[in-house]
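Asker: So the protein lines, in turn, are chains A, B and C. Those letters in the first sequence? Residues 1 to 632, by my numbering. Those letters in the second sequence? Residues 1001 to 1105, by my numbering. Those letters in the third sequence? Residues 2001 to 2187, by my numbering.
Rather than coming from a laboratory, the hints here were simulated on the basis of the structure. Bear in mind the structure is a predicted one, so any value in this text is a computation, not a measurement. Honestly, I wouldn't trust all of these hints.
[Said to hold, decoys possible] 27 Å max Cα-Cα, derived DSS-like pairs, lysine-lysine:
id, chain 1, residue 1, chain 2, residue 2
1, C, K2142, B, K1057
2, C, K2142, C, K2080
3, A, K440, A, K541
4, B, K1056, C, K2142
5, A, K410, A, K537
6, B, K1104, A, K601
7, A, K537, A, K601
8, A, K30, A, K119
9, A, K410, A, K491
[Stated by the list, open to error] Here chain A is said to cover these stretches of chain B; the calculated rule only asks that three of the stretch's residues, wherever they fall, bring their Cβ under 8 Å from a Cβ of chain A:
id, region
10, 1009-1018
11, 1022-1028
[Stated by the list, open to error] Computed Cβ-Cβ distance ranges for the label pairs, DEER-style:
id, chain 1, residue 1, chain 2, residue 2, range
12, C, A2101, A, N586, 45 to 53 Å
13, C, L2086, A, N586, 42 to 50 Å
14, A, V616, C, R2178, 40 to 48 Å
15, C, H2026, A, V618, 27 to 35 Å
16, C, G2169, A, N586, 41 to 49 Å
17, C, F2156, B, N1094, 18 to 26 Å
18, C, H2026, A, W624, 22 to 30 Å
19, A, V569, B, K1104, 52 to 60 Å
All residues carry an ideal CB built from backbone N, CA and C; glycine is no exception.
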Amino acid sequence: MLDVVWLIPALPLAGFLFILLFGRRLGDPKSGYFATAMVGASFVVTVGVFFDLLALDAEQRTHQVTRLFSWVPLAGRSIDLAFLADPLSITMCLFVTGIGSLIHLYAVGYMHGDPRFSKFFLYLNLFAFSMLMLVLGSNLLVTFLGWEGVGTCSYLLISFWHEKESAATAGKKAFVTNRVGDWGFMMAMFFAFWAVGSLDYSALGGAAGTIAQSAATAIVLFAFVGACGKSAQLPLYLWLPDAMEGPTPVSALIHAATMVTAGVFLMVRLSPLLSVAADYAGWIIAITGVATALFAATVAVAQNDIKKVLAYSTVSQLGFMFLAVGSGAYVAAIFHMVTHAFFKALLFLGSGSVIHGMHHEQDMRRMGALRALMPITAATFIIGWLAIAGVPPFAGFWSKDEILLFAYDKSPVLYFVALVTALLTAYYMTRQVIMVFFGKAQWHDAHEEHGAAGDFTPHESPKVMVAPLVILAGLSVVGGLIQLPFSDNLKRLEHWLEPVGEHHLSASADDLTYVLMAVAVVVSIAGIAASIMVYAKHKVKPIEPAILANAWGYDRAVSRFMGGPGRQVFADIVEIDTQVIDSLVNDTGAQIAAAAGQVRKLQSGNVRNYAAAIGVGVVLLLSWFVVVRGLL
Amino acid sequence: MIAIATPTTTWYLLLGAVLFAVGVVGVMVRRNPLVLFMCVELMLNAVNLTFVALAKKLDDIGGQTTVFFVMVVAAAEVVVGLGIIVAILRRRPNATTDDLAELKG
Amino acid sequence: MIELFVFVVASAMVLGGAVGVVLRTHPVHAALSLVLTLFGVSVHFVAMEANFLAAVQVIVYAGAIVVLFLFVIMLLGVDKTEDLRLEPFRVQRPVAAVVGAALVSLVGLAIIASRDATTAVMGTGTEVLAADGSPLHDGNIKRLARDVFSDHVLAFELTSVLLVIAVVGTVVLARKPRTDGPGGQPS
């Protein structure tokens, strides 16, 4: 299967083209099942490639490049459209196609009845294609192609219900903020090409030993700017909470499991350069990550929209992943990416199920006591909650713990902040579960406000939507098994990713493994307990100040700056453009026209003047002959 | 003295040069289109004279062949030119070359 | 001596006629002066033993071209005298004088300076001679014919075509425009 690795992105692309031509004819639900089948087939091919890679030994696994054609032919330095099937990319493909097909299936049920049903799957398949190109690319340019593609699909899907003003605006915001990050990516590509002479990952890895430290640092930091845009870190996280305007399957696929992880993926791909870059590069990444994590966690505590809580939670967990990257724990970052994909997709799909059952009500204050009415949703959601809160033996605990371990190794201060964030994570997720599934039912009043005809009772979602929830819940339970810290044999992910990303723990931290594990468990339980005290037992008053609900006013500050002084700056630049540059061009033209106006006068229309001119010319020519050619 | 000198090629060539110059001056000075055309004929004749003189001097029939063809082409040229003049002057009977200045830039 | 006399008389005809063309106010007079010039040139041709060309000169130039000129003058009725004192462009006459003088002097200079240049004899001769080397009475025309119809036959053919085109073109050009429109009905 290794030689048909190009099928992996080709199948969703074929799906996109087919639905483009025949989607409307297929309709609801056939086009949805078709799109699911395409991504599912991609998953099957990925599994085949995975087993083929396993059969090779570790050294060979990093060299499986499938070249399609020469994309940018330069003498000696061409950039090809090629795929690199190594452990890292295949790991990413596995969960992108796997979770992707589950979400496609879910969306068949969620989007049932929407007038633009087939268009939704058109965009979803295009997204799958772009993401797979991003992940499988063997050089920065193919990755950038996928990077831009997922950005575009994100815009298309966030503003899918574009009749709603807020949705259209959110789509634009996502695209523009991403673009700022893309500038960083492009600068990184320019530096890489200039310093190394190639954009291939293998060449970059090989050159890590030889290039100047300043070049490596520049590449890594600019790539990090791009990653901040795509993976919603401070200061470019603004678009992710607004992106919840899109349908829930979009939030699950793009803004939880796949697109937002592209930034982490990029940093891990560039890890050979990060290891040789200046020390402060790693610190910048780690501090940004942990600061974002804390920031987002504090904001999530005060959110009332079921999806916004999960959005800020995603930003927070991505911060954890960047903390890992900054601390040199690349395997831990990938591990957390995988487990996060499982439980965050589960949580988003579960919230979608709740929204569907509540007839599109999203405010948690109007939910409550849904446990009995939506049993499967509730059960799977609870599993997801336990996973994200970091309760063993669920998947989230193992990956988060690994990150905490490496954070402690880098600096106890980072570790402490991350620990506080973990506490808050447990706290706000418990709050969400209690508000939605336990407590008193608040939705009886909603009945009148919604104007629903007849009796309004929340109901469980159809099987098509519930089945993916169950599968993801299962994965959230057993996902931790791929990397258990107890002994070297059990560290399967680390061995699998060995040629791509390596990390080492210092001796002192190694001893403290079990101690820190215990501390993490205690913190999770404490967070859950505190939340139960506040929201279930009502023994303590909830602290949800307005400033947290407004995300520390950051979003508003940015809007005010961009609308005010920001706009002024750009208006000034436009002024310079019209006055200086345009006038240069226009004046040149005007002067030429004026000169031509003068020359025009020679053309008097009179034959005799022309004859005189000819005569004068002949005389001059003859004089040249006589004088210069030397008859005199 | 006068009786002794025989006309050499140089004399004929000089004559041709003077005739040509007269033709050029005529083209520049006269305003009647027909007379202007006649001055062009003067120039052509000057050239013919030159060719024949040199043919004699170099003992080559090529010069005379050229004159033959020049005469043919001059005839054709006169035919067409006069046709044009007829076409123009039919509309504007008293036009001079100065009045026919529509191609002003 | 004869040659000198012939040369002087013929040159007087040529130059006198030329000056007459330029200076005569009445177009018909100018045309007649042109005829004088053409005759003078024809005499020069005879003096240079280009017999055939002399004949052609009189027949074609003086006999056809000048006659054509006169036909057009009479047809259009443009035989009004032109006032030579008028000159709308003040710069024109001085420029003409300068150009004329310069031309004569420069070309004259070139001619005089190269008068002693060695002649490269092309060696094809301007006459066909009899078997014993004596000149034939139609030697020149024979030689000219030989040249035109062998070495320059393509030019000959092309000039024939040119003449046909010129005649056809002029007929079209000089036609009187039709008074009714192309559709037949006045619009």
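Asker: Just to be careful, I want the Cα atoms of A/K410 and A/K537 compared with a cutoff of 27 Å; is the pair within it?
Answerer: Given pair A/K410, A/K537 is violated - Cα atoms ~39 Å apart, limit 27 Å.
Asker: Could you grab the alpha-carbon distance between A/K440 and A/K541 and see if it respects the 27 Å cut-off?
Answerer: Roughly 17 Å separates the two Cα atoms, so the pair holds.
Asker: Does C/K2142 lie within 27 Å of B/K1056 when you go C-alpha to C-alpha?
Answerer: Satisfied, since the Cα-Cα distance of roughly 16 Å is no more than 27 Å.
Asker: Given the hint that B/K1104 pairs with A/K601, does the C-alpha gap stay at or below 27 Å?
Answerer: 9 Å, holds
Asker: Would you say the C-beta atoms of C/L2086 and A/N586 sit inside 42 to 50 Å of each other?
Answerer: 47 Å, holds
Asker: Check whether the Cα positions of A/K537 and A/K601 lie no farther apart than 27 Å.
Answerer: Judged against 27 Å, a Cα distance of about 99 Å means the pair is violated.
Asker: Take the C-beta atom of C/G2169 and the C-beta atom of A/N586, compute their distance, and say whether it sits inside 41 to 49 Å.
Answerer: Check passed, 48 Å falls within 41 to 49 Å.
Asker: A range of 52 to 60 Å was offered for this pair. Does it hold for the Cβ distance of A/V569 and B/K1104?
Answerer: 53 Å, holds
Asker: Within a Cα-Cα threshold of 27 Å, do C/K2142 and B/K1057 meet the stated pairing?
Answerer: Answer holds: C/K2142 to B/K1057 is near 19 Å, not above 27 Å.
Asker: State, for the Cβ atoms of A/V616 and C/R2178, whether the hinted interval 40 to 48 Å holds or is violated.
Answerer: At roughly 44 Å between Cβ atoms, C/R2178 and A/V616 fall inside 40 to 48 Å, so the hint holds.
Asker: Mind checking, does the region 1009-1018 of chain B have 3 or more residues with a CB under 8 Å from chain A?
Answerer: violated (count 0)
Asker: Kindly confirm whether 18 to 26 Å is satisfied by the beta carbon distance between C/F2156 and B/N1094.
Answerer: Given range 18 to 26 Å: violated, Cβ gap about 42 Å.
Checked against the numbered hints above, the structure breaks hints 2, 5, 7, 10, 17, 18 and satisfies the rest.
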